[in-house]
Structure formats: C-alpha cells, structure tokens
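In order, the protein sequence lines correspond to chains A and W.
Everything in the first sequence is counted per the numbering used here, starting at 1 for the first residue and increasing by one.
Everything in the second sequence is counted per the numbering used here, starting at 1 for the first residue and increasing by one.
These aren't lab readings, by the way, just hints derived from the structure by calculation.
Positions of the beta carbon are idealized from the N, C-alpha and C atoms, including for glycine.
Hints may contain errors.
[What the hints assert, rightly or not] Below, a list of computed lysine-lysine pairs in the DSS-like style, where the Cα atoms sit at most 30 Å apart:
(1) W:Lys220 to W:Lys14
(2) A:Lys180 to W:Lys15
(3) W:Lys74 to A:Lys184
(4) W:Lys106 to A:Lys184
(5) W:Lys220 to W:Lys74
(6) A:Lys199 to W:Lys149
(7) W:Lys15 to A:Lys206
(8) W:Lys69 to A:Lys180
(9) W:Lys119 to A:Lys204
(10) W:Lys69 to A:Lys204
(11) W:Lys240 to W:Lys74
(12) W:Lys65 to A:Lys184
(13) W:Lys57 to A:Lys180
(14) W:Lys149 to A:Lys197
(15) A:Lys197 to W:Lys232
(16) W:Lys235 to A:Lys180
[To be verified] For the chain A half of the interface with chain W, some residues (derived, Cβ under 10 Å), not all of them:
(17) Lys82
(18) Ile155
(19) Ala156
(20) His158
(21) Ile162
(22) Ser166
(23) Asp168
(24) Ser175
(25) Ile187
(26) Phe191
(27) Ile193
(28) Asn194
(29) Phe201
(30) Thr202
(31) Lys204
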Amino acid sequence: MNKLNMNNSIINDENNNIVVSKDSIFTIINHSLKTLNIEVKSNCKVIINDFRIIDKEETNIEIKTNNQSSLIYNHSFINKNKYELNINTTYKSEESEIILNIHGINDNGSNTTSVNGNMSDKKNNILIENIRLININNGKGIIIPNILVEISKIIASHNATIGTVSEDELSYLMSKGISKSEAKNLILTGFLINLFKDKEFTTKMKEIINWR
Amino acid sequence: MLKIDNLYVEINNKKILNDFNLDIKLGEIHGIMGPNGIGKSTICKTIIGDSNYLVTKGRITFNSKDLLKLNITKRAKEGIYLITQNPIEIPGVTNAEMLRIALAEKTGEVVNIYEFNKKLEETCDKLSIPRSFIHRGINEGMSGGERKKNELLHLWMLEPKLIILDEIDSGLDIDSIKVVCDNLKEYYNDHKVSILIITHGPKLLKLLNASYVHILNEGKIIESGDFNLALKVGKEGYKKYNKAYLVSENEKNE
Chain A
1 MNKLNMNNSI
11 INDENNNIVV
21 SKDSIFTIIN
31 HSLKTLNIEV
41 KSNCKVIIND
51 FRIIDKEETN
61 IEIKTNNQSS
71 LIYNHSFINK
81 NKYELNINTT
91 YKSEESEIIL
101 NIHGINDNGS
111 NTTSVNGNMS
121 DKKNNILIEN
131 IRLININNGK
141 GIIIPNILVE
151 ISKIIASHNA
161 TIGTVSEDEL
171 SYLMSKGISK
181 SEAKNLILTG
191 FLINLFKDKE
201 FTTKMKEIIN
211 WR
Chain W
1 MLKIDNLYVE
11 INNKKILNDF
21 NLDIKLGEIH
31 GIMGPNGIGK
41 STICKTIIGD
51 SNYLVTKGRI
61 TFNSKDLLKL
71 NITKRAKEGI
81 YLITQNPIEI
91 PGVTNAEMLR
101 IALAEKTGEV
111 VNIYEFNKKL
121 EETCDKLSIP
131 RSFIHRGINE
141 GMSGGERKKN
151 ELLHLWMLEP
161 KLIILDEIDS
171 GLDIDSIKVV
181 CDNLKEYYND
191 HKVSILIITH
201 GPKLLKLLNA
211 SYVHILNEGK
221 IIESGDFNLA
231 LKVGKEGYKK
241 YNKAYLVSEN
251 EKNE
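Produce the entire structure from the sequences given, and follow the hints as far as they go.
Following this line, the structure appears as structure tokens:
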C-alpha cells in the first residue's frame, strides 16, 4: 500500500485518489508510488515533495487543477534499474498553475520521463516543466516533454536536459582539495536535494543517499 | 616557493605558453599583465592542474615538489588556491559541507564541528557577509562581489600558501575591489603567503602592493620590473609588446 504523508498524517488509499481542498504539503520519501490521481480544488496550493531510490517501477500521475489553484511537484530520484514516469496534467478551469521540477540520476538504470501537458481550452493557466537527468555508470535517460497548446493566453515552458556530472564542477571542488570521487558524490547529492526547501526532508534524503 | 622553468602548454593542439618562466619566493607578490587572449588564464589553470591544459615540456615545482606529478586535488592540498573572475556555482552543495570535507581530506582527521562552525562564523563577520552564507549553495544566486567574498571565506578556512588571482577585479565595483583587496592583504599579513595576480591593468597590483610585475606576450614573459612597469603599461597600453594587434595579410582573409 502506498503511503503519502500529508501535513504529518498518513493517508492510505490503494489508488491514491486524492482531492485536496486546503493548502497542503505532501511528502513521499523512498516509498513506492505506482499511481497518484490528485485534484486540487479552487484557491488551494499544493506542494508534493517526492524522493525515491528506485529499482524497478512505473509511476503514473494524473494532476487536475481548478480555478486559482497551484500544484508544485518536486521529484528527485536515483534509478538503479528501470523507471518509467508518466505525468498527465489537466486544467479544469482558469488561472491555475502546475510546476513540475524533476531531477533524476540514472545510476546504471534506464529511465523514461514523459509529461503530457494539455492546455487545449482553458485560458490563463501556467505549466512549467523543468526536467533534468544525469546519467552515471552507463545509465540512460529519455525525456518526452509534451505540451499541447491550442489556445492563446497561457504560459507554457519546458526545460529538459540530459547530461553527466559537470567537469567544471568537479574541477572546482577538486581545486579546493577534495578527491574526485567525493566531489562527484557531493555534486550528485546536491543535484537531488536542490529541489527541496524543507530542511527536514533534505536531511532525511541525505541519510538515505549512499553512493558507495 | 613556486618555480616554473621552460614551460610549454597547449590546449586543443593550440600552443599557448612557450618557454614560460617564473620564480615566486615565499612572501612575494607578483603580477602578470597582458591583453585579452594572450594566455594569462592558461598560467593559472596549468599551475592548479586543470587536465584540459597539456604540458608538453618544462617543469613546475612548488616547495621543491614536482607539481606536474600531482593532480588538481593534491596540488590544492599542497596549498595552491585559485580565485577566478567568475567562480562557478554548485547548487545544493553548501559552503559548510564542501569546506568540512575539504578540511577532513586535507588533515586526514575528523573535523571538530564546534571549532569549524566558530571559525566559519568569525570569518563571515570579518568579511562582512551574512552568516547565512555558511549554509548556502556554493556561489548559488550570488552577485559577482558576493562570489569573490565567498571564495575568500573558503580561503580563510582552507589556509593556502600560494594564492592565484585570475582577473578578480572583473565585474567588481570600486568599493567591492577595495573590500576584497583589504581582506586579501589581511590574510597575506597573517599567514605570510605568496600571491600571483593576473590582471589587465595596474589597479589591482597597486591595491595589493605587488612588488614584481611581468608582461606576457606570445606565451612568455618578455619584460619584468617593479610596480613602475605596471604604471607604464597602464599609461601606454600593450601595443608596444603585442604583435596580436598587428593583423597579418593571411589573417585578414580568414
């Protein structure tokens, strides 16, 4: 059974069908997440912080927003084997925003991150996709950042990058007297935690992450 | 302290330094001047051990150790420290984390967190930067002036013996340059180190009281002198030295 920690209370719903009607922060830390259907009611703000170390998983997320609502999905992961992430967004009304920040490390694993942002009929909505993958140890990644726009008066942007550990960052840390392997670990951990502002959350992440 | 003999360096098969020589003794402050694109930054990168710069001939010794046999990490542990004109940012890696690991690797001992934090806070106060810098990502979201001060925070914590300043006055206003230089002078007086300054003009050399000034041209030092040489170049420019200003017939057609 999947666990979502919402405002410090555990919600257990086999299908993870959630309708949120008050400002909420969800935290998911190293729990399996196969399905999440979330609808954010009007005038509501939701932040989902999701960090997972994945062996083999397919995650399907459906996001629906209503008038003047906001959903920010911050997700970082270390993929050790195979990970498929599919996110679909739907705007049920106007003047809402969906921000998707995804930082993933494919550590000898293969990953497909697919986002389908549908902005076909409702005006004044915002969709921002920021997806960055780093491949290490022969890891592979594919990003499919689809945005379907059929009307004007919306804001939609995507930023998708796939790369490896920056040589400039490695050289910089090594020039401070840090070994190459330790410098690499620092950069990768920083890349994963940088999405999250919640210090308690990032502290837990650091306890879980182990590059050795 | 630092001795460079007959050094030849290339990057991507392009020769940058040719028969470059330099001798910096303990406590000396040297300046290397030259126009853009002449190879000044190559000197810095080669000394710290950037693997993109290929040394094809020559020798660099630091306190009698053969630097060319050491990688970038080991050279830093020997006490060589570079501040560039635009230090990069590393999001998510805090100053405290980086410095704690660097000190642990340098000393081979577990860092005493109480003393470490105390020194970090004192150094922030000395540099007039907020203590919140300690737990900020390295240079993350910082202005040019803040980045230089952040690098000085690292400097005071890591206590290097040779400081290389690569055009650090670029992008700094007059007040910020003075703050940075005053702090560098304080470190110099406290620690009795050597400084190598790479710059376009005499301003930084004056603020840091450089005693030795060298002019770089075609990959080698072609003239050396005291601070008066910097003043002369500041007044007359580099045209006298630099053939790069004279475009050949072949280059015109490129």
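We went through each hint and held it up to the structure:
| no. | hint | in the structure |
| --- | --- | --- |
| 1 | W:Lys220 to W:Lys14 | holds, 15 Å |
| 2 | A:Lys180 to W:Lys15 | holds, 28 Å |
| 3 | W:Lys74 to A:Lys184 | holds, 16 Å |
| 4 | W:Lys106 to A:Lys184 | holds, 17 Å |
| 5 | W:Lys220 to W:Lys74 | holds, 27 Å |
| 6 | A:Lys199 to W:Lys149 | holds, 25 Å |
| 7 | W:Lys15 to A:Lys206 | violated, 45 Å |
| 8 | W:Lys69 to A:Lys180 | holds, 16 Å |
| 9 | W:Lys119 to A:Lys204 | holds, 27 Å |
| 10 | W:Lys69 to A:Lys204 | violated, 40 Å |
| 11 | W:Lys240 to W:Lys74 | violated, 40 Å |
| 12 | W:Lys65 to A:Lys184 | holds, 27 Å |
| 13 | W:Lys57 to A:Lys180 | holds, 26 Å |
| 14 | W:Lys149 to A:Lys197 | holds, 24 Å |
| 15 | A:Lys197 to W:Lys232 | violated, 53 Å |
| 16 | W:Lys235 to A:Lys180 | violated, 45 Å |
| 17 | Lys82 | violated, 26 Å |
| 18 | Ile155 | violated, 23 Å |
| 19 | Ala156 | violated, 24 Å |
| 20 | His158 | violated, 19 Å |
| 21 | Ile162 | violated, 17 Å |
| 22 | Ser166 | holds, 8 Å |
| 23 | Asp168 | holds, 6 Å |
| 24 | Ser175 | holds, 5 Å |
| 25 | Ile187 | holds, 6 Å |
| 26 | Phe191 | holds, 6 Å |
| 27 | Ile193 | holds, 5 Å |
| 28 | Asn194 | holds, 3 Å |
| 29 | Phe201 | violated, 13 Å |
| 30 | Thr202 | holds, 9 Å |
| 31 | Lys204 | violated, 15 Å |
Going down the numbered hints, you'll see the structure goes against 7, 10, 11, 15, 16, 17, 18, 19, 20, 21, 29, 31, while the others check out.
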